[in-house]
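Asker: Protein sequences, first through last, are from chains A, B and C.
Letter 170 of the first sequence, counting from 1, is numbered 170 in the working numbering, and no numbers are missing.
Letter 24 of the second sequence, counting from 1, is numbered 290 in the working numbering, and no numbers are missing.
Letter 317 of the third sequence, counting from 1, is numbered 915 in the working numbering, and no numbers are missing.
Watch out, some of these pointers could steer you wrong.
Some but not every residue of chain B turned toward chain C, in silico, with C-beta under 10 Å [stated by the list, open to error]: (1) 541; (2) 586; (3) 589.
DEER-style ranges, computed between Cβ atoms [what the hints assert, rightly or not]: (4) 929/C x 315/B: 54 to 62 Å; (5) 950/C x 490/B: 43 to 51 Å; (6) 929/C x 488/B: 53 to 61 Å.
For the record, the hints were derived by calculation from the structure and aren't laboratory data.
Glycine residues also receive a C-beta, built at the ideal position from the N, C-alpha and C atoms.
For reference, the chains in residue letters:
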Amino acid sequence: MSGDPAPLLELRRVTKSFGGLRSVDELDLDVREGEIVSLIGPNGAGKTTVFNLVTGIYTPDEGAIRLDGRDIAGLPPHKISQLGIARTFQTLRLFLNMTVKENVMAAAYGHTKAGVLRSVLRTPGMRREEREIERLAEERLAFFGDRLVGYRWEQPAYSLSYANRRRLEIARATAAKPKLLLLDEPAAGMNPVETHEMTELIGRLREEGGYTILVIEHDMHVVEGISDRVIALDHGEKIAEGTFDEVATDAGVVEAYLGSAGAERK
Amino acid sequence: MELPLFSVIDTIRQLGWTGFVELTRNGLALGSLYALIALGYTMVYGILKLLNFAHGDVYMIGAFIGFGVLNAFGGAPSPSLALLPLIVLMFLAAMLGAGALGVVIERFAYRPLRASPRLTVLITALGVSFFLQNSMLLLFGAQFRSYGSFQLGSGNPGAFEPGPLVDPLFTIVGVNVQMIQVAVVATSVGLMVALTLLVARTKLGKAMRATAFDREAAAMMGIDVDRVIASTFFIGSVLAGAAGVMFGLMFSQIFHFMGFLAGLKGFTAAVVGGIGSIPGAMLGGLLVGLVEAYSQGYLGGQWSDITVFAILIIVLLVRPTGLLGARAIQKV
Amino acid sequence: MDPERDFSELPEPGEPGSPRVGVDEWVAQADQLEERPTGIAGVLHRVGEVVTPPLRLALFVAFAATLPLWLSTGDLFNYGIFVLLYVLLGLGLNVVVGFAGLLDLGYVAFFGFGAYFYALLSSEHYGIHWPAIVTVPLVVVSTACLGLLLGIPSRRLLGDYLAIVTLFFGQAFVVFVNATDPVVAGKGLTGGPNGIADIDPLSFFGFDVTTRTQQYYVLLVAAVLVLVALHFISESRTGRSLRSLREDPLAAGAVGIPVNRLKLLAFAIGSGIAGLTGCIFGTVLTAVTAGNFDIPILITIYAVVILGGFGSLSGVVVGATVITVSFQFLAPENPQSNARLLFYTVIVLVLALLVRSWWRLALVLAVTVALGLSVHAIVEAVAPSWTGGAVVEGGRFADAIGNWVLIPQEHANFGNFAYVTLVVAVLVLTQIRPSRRIFALPFVAYLAAVVWETSFVLQPAVARWILFGALLVVLMNVRPQGLLGTSRVEIV
């Protein structure tokens, strides 16, 4: 469509194989700025692999990945993060033995610059930057209400409940000041109240934080509640794309999740 | 630096084919021992992801047990028991003793730390190694002990006569291949074949492979993980004990520090071959043995150890998981 | 609950009267929920909170600065100087292993490199005598570069492989310096097994550092500077990122931390510190040989950091003090009465930790003493030659000990049997249920004393390595985080 701005994230014919298995097969994917896009599909469809490819953990065998028009395939993960992509992990990867606040402050590394020498000499510039980082961390943690503030700042991350750990990981991701946020199953393992809250949270992340968000989710209530667009994957290929209603009723998607018997029943 | 390439080429030419065969013979014999030690390292690493630094000391204790048995029957040159049954007895005692020691070490030092981070267990292994080495030093003193293998079995206490061990069994290009060298290579090959069959064909072997792959899943499938791990340590230590006796029979001198040096080389072999891979350990052992022999002959004794280390570092840089090691794919 | 009830009547989350599921009540009740450790650990914890790092440093410096006043020169050398050397080495290793979580088993080679390089530039070996102002910074920077070089291939190596490669690097250094000793400019570069001797003392602006006291103060200044620098680094963005790297390198990369660059930085800092220590070491000993930089020293440095606790700077100081002082007490040159004091104190401490109550400890000690006296009396009556041996260097307590411990006239094999029995006894002890253990303790304690008097005291050099190895094993089993480290949660 002419007149539309270029997408923030572009995948063009991206392919990735492990051994003989094609995990991602000639995938084309767009995420436009300000959008919330959900990535759905049965287990093994390649969704987390897409995240790993975008964040630089894997390098695509073929195809191109572009952020804001710039090629990022093959760059090391920390460089991609500094260019504006942050993520959370399906299996939660927090810095467990560091405090809550430190976890978030750690993510500020990419956009700060006090080096070893300045740290040892405690220059005014370095101290100012430290205060900035701390303020940023407190601000990001305050996004979640009362849960991760006050005395919680100094607690080790391993002492947090499961839901709080998920929130902390999101806070940490936002502290890297990304343009694009990749959330890998943010509502996994949560009870209905927490899930409802997470849905609202993702919406607020876009409203208040201005992030573009790509979400992998299995819980269709969440997907329905947040998505501007839904993309369905199966066996590494895109099988449907559109609004939630369009994709949820797509025959191919139903078959992928429920098998052909389910599709027939439909 | 003085290692002119020309002098090395000269040496190679000087030593000629005879020299080459001689060095190869030495390398193969030595390499078989390293392979046996490497197997113990590699099996334990495969199952526990632990670098068992105490393994070399188990090898050393095996050598001492063999010496103890030999001495109990009067020692060289004419022991009170016929040579062949005596040697068999030495092997059995050393293998069983070493195996038992390996099981005890696992039971008391490593098992309590099953769930601990790797660094903790590594330090414990170093502690055990120190403990064993210095305990032997305390109990037996620092002097070298000798198997007297040159004269062993010659039957003549008065004269310094060669015994049957050093009898040349056959000759290649004018180079004598001694009975003991053939025996060492043959026994090692036999043990390695037995191990390969055990791992590939038996139920225990299958259990070992399963536990190495995924300990939790194996436990949930009904495999007694504790017993499998104990068996792994037992088998690895048995091999090391055998290697210890063979070292004594080939080179005569044993001392409390030999475990450290041989352990390091065996460890190198395991890593070069790909740690966790049984054929890798065998290959690595032979490689290290040959490299050591050739560099001793062609480059001179002072360079041989460095060459072995250099080869290791180069192999690891080119193939970080060793020659036959599995390429580690991290699942995120 | 009535299963027929219509659940659509329930209020929505957030509305008044809604079920308080998933709502965080803990924030308001935070103070009541915090657990404070009690007992001895509690006291130490509160002390740790009050005595902040700057205060700790001040106390340490104040105490350390006074040492030359009341220690003899020999003691200052053996205790003061060596403690500080191990503090510095431990601090450097702490950066690599404690801060960044990189298992470097070749660390001691950087120490050796620093020492040898300085020796080459400032000794009689080649007749080069560059001033310390030039050589020390040069050596430190070179060692740091060497650390970088070693770190570069480490990017491709996962955890254990890094350990292996660094271990071999360390061994390669020792072999190179000891055996290879290539001939450069007409002379063996590293002096072979004899090493390099006649190393120049440090000299700053014409002032030569020659006496033990002067060397001690130089080391103290160096240690304090490094402590302060590392503390600041730890509290900074660099320290945070190093800790993140240690926790989870993958996640660290995902939040913008250049993992590989930081690994190299950690290696460089750690090896730079080792290089600095090497220089000073060379000038203090005025000679260096390969034996100063081999595995036992490496393990000792590790023991210092392990005992103190990885990542803890104060821990390194404590660890270095405990390890060095204990080793010195057990040194063969030292009168064995000191070593004996240390050994028996340790036994009492271990018993105290095992029984955990004052009166029970008193009971166990009383029974041990009584047991020993009775055994001794019985054996003396029945077979006197079994108690006829002399107490080695007993000092004031010779008679008391002689009447308590069984020391046969013919020592050697008895000592060996006793030792093996002791090892077996300790292993068995770990298998007895804790509640029943107290009955076995007096026997094992007495046996330990017998082993000491008939075996260890005769070979103190070996004994200390045995105890050292045992210490490592026990420490890892009982308190892997060391004395001042925090217990870590790891996903294994």
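Asker: Does each hint hold? Answer for all of them.
Answerer: Hints, verified against the model:
1. 541: holds, 8 Å
2. 586: Holds, about 5 Å.
3. 589: With a minimum Cβ separation of about 14 Å from chain C (threshold 10 Å), the hint on residue 589/B is violated.
4. 929/C x 315/B: 54 to 62 Å: Given range 54 to 62 Å: violated, Cβ gap about 37 Å.
5. 950/C x 490/B: 43 to 51 Å: violated, 38 Å
6. 929/C x 488/B: 53 to 61 Å: holds, 54 Å
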